[in-house]
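Colleague: Chain by chain, the residues:
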Amino acid sequence: MKILLSKPGLDGHDVGVKVLAHAIKNAGFEVAYTGLRKSMEEIVEMAKKIEADVIGLSILSGTHLILCERMKEIMIENGLDIPWLAGGNIPHGDVDALLEFGATAAFPTGTTIEEVVDYLNKLDNK
Amino acid sequence: MTGKKVILESGIEVNPLYTKEDINESEAHENMPGEYPFTRGIHKEMYRKRPFTIRQYAGFASPEETNKRFKFLIANGQTGLNVAFDLPTQCGLDSDNPKALGEVGRVGMSVDTLDDFEIAFDGIDLDKITVSLTINGSAIVLMAMYFALAEKRGYDINTLRGTAQNDILKEFIGRGTWIFPVNTSVKLVVDTVEYCAQHVPKYSPVSICGYHIRESGANPIQEMAYAFSIAKAYTDDTLKRGIDIDEFASRLSFNFDIYGNFFEQIAKFRGGRRLWAKIIREDYHAKNDRSSWMRMIAGGGGGGLTKEQPENNIIRSAYYALISALSGTQTMALCSYDEAYTIPTEKAAELSLRTMQIMIHEMGICDTVDPLGGSYYVEALTDQFEKEIKEEMKTVDNMGGIVEAVATGKIQEKVSHQAYERETGIQSGDIPKVGVNIFQREEDPKPVEFHPYNSDAANYQIEKLKKIKANRNKSKVQSCLTKLKKDCEQNGNLVPTVIEAVKEYATVGEIIQVMKDVYGEYEEPIFF
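Residue numbers (the working numbering), protein chains in the order written: chain A, 1 to 126; chain B, 1 to 528.
No wet-lab data here; the hints were simulated from the structure. Note that the coordinates shown come from a computational prediction; the quantities given were computed from them, not determined experimentally. A hint or two may mislead.
[Stated by the list, open to error] Under the rule of at most 30 angstroms between Cα atoms (straight-line distance), these lysine-lysine pairs were calculated in the DSBU-like manner:
#1 B:516 to A:2
#2 B:516 to A:38
#3 B:307 to A:25
#4 B:410 to A:25
#5 A:49 to B:187
#6 B:347 to A:38
Using the sequences plus the hints, can you model the full thing?
Modeller: Structure follows, in structure tokens:
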């Protein structure tokens, strides 16, 4: 399974996403990372180009609702139908809203690396 | 030997006991505060004469709110403030740029044109308040705005004070508000250093940040070594412009991180201060003592704080503050205990302030200079830190220098690997963290809050920008931008033309775009 990790918006906090990239790679997945400050369009385009199976969005600046609301539209516009996940500094109370926007899963503040890896393993075995 | 081996995060092994044998050869015996190489502090009397400055970081969404806050602070006797900018401003994008969606005014003040500065500083005497601009990628524009504002209002910029963070090299390692390719980015910093040395000599144009490098995964030795290597890179290029070392070195300052082992941090600062003094005097032949001072702001680092049992962070912060004071800091800022997961509550921000005040007024921490001076352990560790930081700087040189090591991503690769090691160490319990992997308890999820996004305020900012664009002298703006393009192509110092352009209300986005057209943008090497 190939996972594209991404940093949408202008948020520069990338320690977490890089740590996760490392961990997912060590767990045996193929990982790509977009780098900082990508638009949703750029992220979806890259996912198509590298034929990613899953997209992960890392957002810590508080813009997760605004950004993820657009994710679904852009996925449809681009004819891409793969699971996408949101993580970063996400309040527990916003998880449902993110799922409604079409996220396959949302990992709120405090999620451990292990929990994400377990989730990806389950997704892989489906 | 008793007990198991103790190895510090920096890789230095700690003995169970230190005696005078450990510092027989040490230069600690000769070191005095206020005397070269300043191991014991840059001033003779240190806090006995005046305690360190307390300066907390704060962001206000709009120029209008910032202005209100300034006036409130001045009325309450304060003389300085850190200004935080929103991410579009930091990345050189105007408020109406599609990429700014959801970000206008979110993490700080939104600035599009000089008009925003005129609002923010309306009715404020720039001679009485020192303004610190936390700006990097677009710093040349925001600094130019500050100078333009001062000139328009009739101040002599020759006596203007203030500081800008303006340390772009660390943005490539951590924090991420880079815009231009690495070499161009350094050129822009050096433009501001050169301009300040010639025209705004009391202004501090760069604060070199080990802080964000450490937060990105560097160990304490690397934090200092990379910061010094960065400071040297700016220094070398400034010297190439024919500016004398004593004309600018005293205006360089540092911003460092504190978390982790207590004595390790103190030795890091003492050893680092000694080494920096030697670099400036011995390698750069500075004659003025002030040039070789490692002036610093240091307080609690976010990296040490936890969202688990957040009240524990109050205790951690008190230790960080003590470390900072025992290390001879000039300025202190502490993180708030709830900062690991939310915007600090007023209560939390007040506790940080009180932590520092209790230390100053109740603990006698300011009574005597460098109270740890002469401690066998601290002095031995200080010596080791000086040596190790120097070694690490050589490693950077062997990578082709810091500019090259950052451009190729070698440093980023190294620190992000260490961040991974540290995180897995914490999650596995190898690195003990109270409340996280030892002495845990069941806790409810934390109430996470963000700066509420005010779309009305964002729209107001965009409307204001529209009006400015409609009312300014378009041909003058255009000719400034054309001149700027020419300056970029001819590789001249851009500051004078940027000042002219902002005076005509050219926007941050327009100015940065001209520069992007000539210089291109940074392409991030992907490492994890």
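Colleague: Determine which of the earlier numbered hints do not hold for this structure and return their numbers in increasing order.
Modeller: 1, 5, 6
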